[in-house]
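Novice: Read off the chains here:
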Amino acid sequence: MLPAMKILVIEDDRSAVDYLAKAFREAGHTVDCATDGLEGYGLAQESSYDVLVVDRMLPKMDGLSLIRSLREQGVATPALILSALGQVDDRVKGLRAGGDDYLPKPYAFSELLARVEALGRRKGAASKGEATTLAVGDLVLDRLARRVTRGGQEIVMQPREFRLLEFLMQHAGQVVTRTMLLEGVWDYHFDPQTNVIDVHVSRLRAKIDRGSDKPLLHTVRGAGYMVRDSAR
Amino acid sequence: MTALGKLWRTTAFRVTLINLGVFVLFAIMAFGYFGWNARRIINNEIASTIDAEIKGLSEQYEQGGIRRLASAVEQRASQPGASLYLVTDFTGRRVAGNISALAPGVLDRPGSYETNYQATDEADRPRGRALVRVFVLQSGFRVVVGRDILERERLGAAARRTFAWTVMMIVVLGGLAGLLITKRVLRRVDAMTDATERIMAGNIGQRLPGSGSGDEFDRLATHLNTMLDRIGELMTGLQHVSDNIAHDLKTPLTRLRNRAEGALRLASSPDDYRRALEGCIEESDNLIRVFNALLTIARLESGQSQGGMTEFDAAGVIRDVGELYDPIAEEAGAKLAIHAPDNLPLRGSRELVGQALANLIDNAIKYGAPDSAKGAGEIAVSARRAAGGVEFIVADRGPGVPESERERVVKRFERLESARTRSGFGLGLSLASAVAKLHHGSLVLEDNQPGLRVRLTIPDAPAT
Chain A
187 MLPAMKILVI EDDRSAVDYL AKAFREAGHT VDCATDGLEG YGLAQESSYD
237 VLVVDRMLPK MDGLSLIRSL REQGVATPAL ILSALGQVDD RVKGLRAGGD
287 DYLPKPYAFS ELLARVEALG RRKGAASKGE ATTLAVGDLV LDRLARRVTR
337 GGQEIVMQPR EFRLLEFLMQ HAGQVVTRTM LLEGVWDYHF DPQTNVIDVH
387 VSRLRAKIDR GSDKPLLHTV RGAGYMVRDS AR
Chain B
12 MTALGKLWRT TAFRVTLINL GVFVLFAIMA FGYFGWNARR IINNEIASTI
62 DAEIKGLSEQ YEQGGIRRLA SAVEQRASQP GASLYLVTDF TGRRVAGNIS
112 ALAPGVLDRP GSYETNYQAT DEADRPRGRA LVRVFVLQSG FRVVVGRDIL
162 ERERLGAAAR RTFAWTVMMI VVLGGLAGLL ITKRVLRRVD AMTDATERIM
212 AGNIGQRLPG SGSGDEFDRL ATHLNTMLDR IGELMTGLQH VSDNIAHDLK
262 TPLTRLRNRA EGALRLASSP DDYRRALEGC IEESDNLIRV FNALLTIARL
312 ESGQSQGGMT EFDAAGVIRD VGELYDPIAE EAGAKLAIHA PDNLPLRGSR
362 ELVGQALANL IDNAIKYGAP DSAKGAGEIA VSARRAAGGV EFIVADRGPG
412 VPESERERVV KRFERLESAR TRSGFGLGLS LASAVAKLHH GSLVLEDNQP
462 GLRVRLTIPD APAT
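Each protein sequence line maps, in turn, to chains A and B. Note that the first sequence covers residues 187 to 418 in my numbering. Note that the second sequence covers residues 12 to 475 in my numbering.
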């Protein structure tokens, strides 16, 4: 389904590293590990990875300096920062240092996996993100005309529904978690506590999958949602 | 460190030494100038006396030649005083005068000299010093007129002695004073060092001593003590928060454990185990959410999260959040009515204000929606400009919160008895209140007759 990615995990907690490596491998990816900042920096510079998963607090060289140094060296590998600090300003600092995503601890692995896969894909298809039309199966979204059609039939959408679908289709074939949706579509980073996102998604599903025997918007249990052409 | 080393390292002692050096240098300059000037004046005086003598003697010589000169010299030389005379013939033999010998070579050339001499009547005394002027007459006779400079030398010696004394007094008294000051400073600093060492050793209640004189050390001690008080307050606050978190997390942790234990005891098929494990994951996800919410509240309450204050449109935020919750409200049989001006600029944290509003609206939907079909419960959400900030109001038509309970429900994990059966952790209002507190605003619960009205006031954050 997804092409396998090469992931570098830089984290000083041994058991966390082992768990992450095992879980990423089960998801079909290749994983290298480093347990301190310098080792991680060396690995990230030497070989090419699709995604870096960097703990913020590391011995020898902290995560933010590591990413900053890599960016100065011209290494543009997408990096996800893991941190015990989850405040807005911490996130801003992390992204400013050159990180591409920020996930506060404790986190669910499904969330981490979804975000890492989104980052890895972004690297592979940076240009695709700017395409003017997105298509999954017979569902077509025209970003310029702001029009959505399914099998040639136009579907009328509210602006927010359009953006929700746009975000899901940009990540077609990938798991998109509820927090990713809240971040990407509403630009909030808090935990909504209730099933607000689920309600929005089910409304969207009612619009695009209604009367179709081939649903495109799938719920991934315990993780989130995915837009995927089930026929393929 | 030796006592001397310690002394040497104090600023007070070094300043004393530098001061002493400066004073000694000043004394040297003052006395040097005085000595040089006095010597010059005396020399001038002697020279003019000699000039006058020469004038008188040359008159005698012009009137009566060498003979008259010799007798005049003889007569003058016999009078007491510091004047010196000598007339010699061309062989250097003394003809008249009170000098018996001069330093060798002085008589050979005319001119002014400062030289040693021996007086005729004081042959047994050591040689004196004099300023002399030597003339050579046409006949080869030499005339020497001079003046003893003993007075000048005495004056010089007296000046040197005074100078030596002065310097000695400066060094001794200044040094003593410096030592005393240094010792005093050291004593104060040592007292402070001891106090800080005791504080570092764990005696947190200890404070720095003051002498009560209000000097700079007292001021420093007062400031440091204020700082220690503040640190103490923060530590107590932190302790309080971590105690609370530890306590608050015990409940969901116990639930998680019970669930796992129950599964171990009762499950009989792989399906049962799978369900139990899924239940545990769900429970721990809840735990993570509670933990994150608690951490956020704790950090907001400690005032640590000062970053992220920007200018944003509060009306936009209220519309966004309203739109986010609109479908849920609809499903719950309520209706969200949003009243806000087109544009409502506010300086603060967009993220946190959004989260607080989300929590308030979520609460209104959960607890404010009518259970029975008594008509659609309207939830009125509004924002308006109020003194120095923005006032948000979320009002529902639900059962409301009794006045006696209003203070309690804002606290962490506190919920109304009637709400216990619903989902939620009882952290929503606490978080909204913490957001208000961080912005120096307020969260007030009021009666909506019927229902609950929550008034969240967020003043503009000061521009940074």
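If you're looking for bench data, these hints aren't it; they were derived computationally from the structure. A portion of the hints provided could be inaccurate.
Unchecked claim - Straight-line distance between alpha carbons at most 27 Å, and here's what the computed DSS-like set of lysine-lysine pairs gives:
| # | chain 1 | residue 1 | chain 2 | residue 2 |
| --- | --- | --- | --- | --- |
| 1 | A | 279 | B | 448 |
| 2 | B | 17 | A | 291 |
| 3 | B | 422 | A | 291 |
| 4 | B | 346 | A | 393 |
To be verified - Stretch by stretch, here's where chain A covers chain B in the computed footprint (C-beta under 8 Å, at least three residues):
| # | region |
| --- | --- |
| 5 | 138-151 |
| 6 | 332-343 |
Said to hold, decoys possible - Label-pair restraints from in silico Cβ distances:
| # | chain 1 | residue 1 | chain 2 | residue 2 | range |
| --- | --- | --- | --- | --- | --- |
| 7 | B | 474 | A | 389 | 36 to 44 Å |
| 8 | A | 190 | B | 413 | 43 to 51 Å |
| 9 | B | 245 | A | 295 | 33 to 41 Å |
Even glycine gets a Cβ: it sits at the ideal position worked out from N, Cα and C.
Novice: Taking the hints in turn, state whether each one holds.
Specialist: Status of each hint after checking the structure:
no., hint, in the structure
1, 279/A to 448/B, "24 Å, holds"
2, 17/B to 291/A, "51 Å, violated"
3, 422/B to 291/A, "25 Å, holds"
4, 346/B to 393/A, "22 Å, holds"
5, 138-151, "violated (count 0)"
6, 332-343, "holds (count 6)"
7, 474/B to 389/A: 36 to 44 Å, "41 Å, holds"
8, 190/A to 413/B: 43 to 51 Å, "59 Å, violated"
9, 245/B to 295/A: 33 to 41 Å, "36 Å, holds"
Violated hints, in rising order: 2, 5, 8; the structure is consistent with all others.
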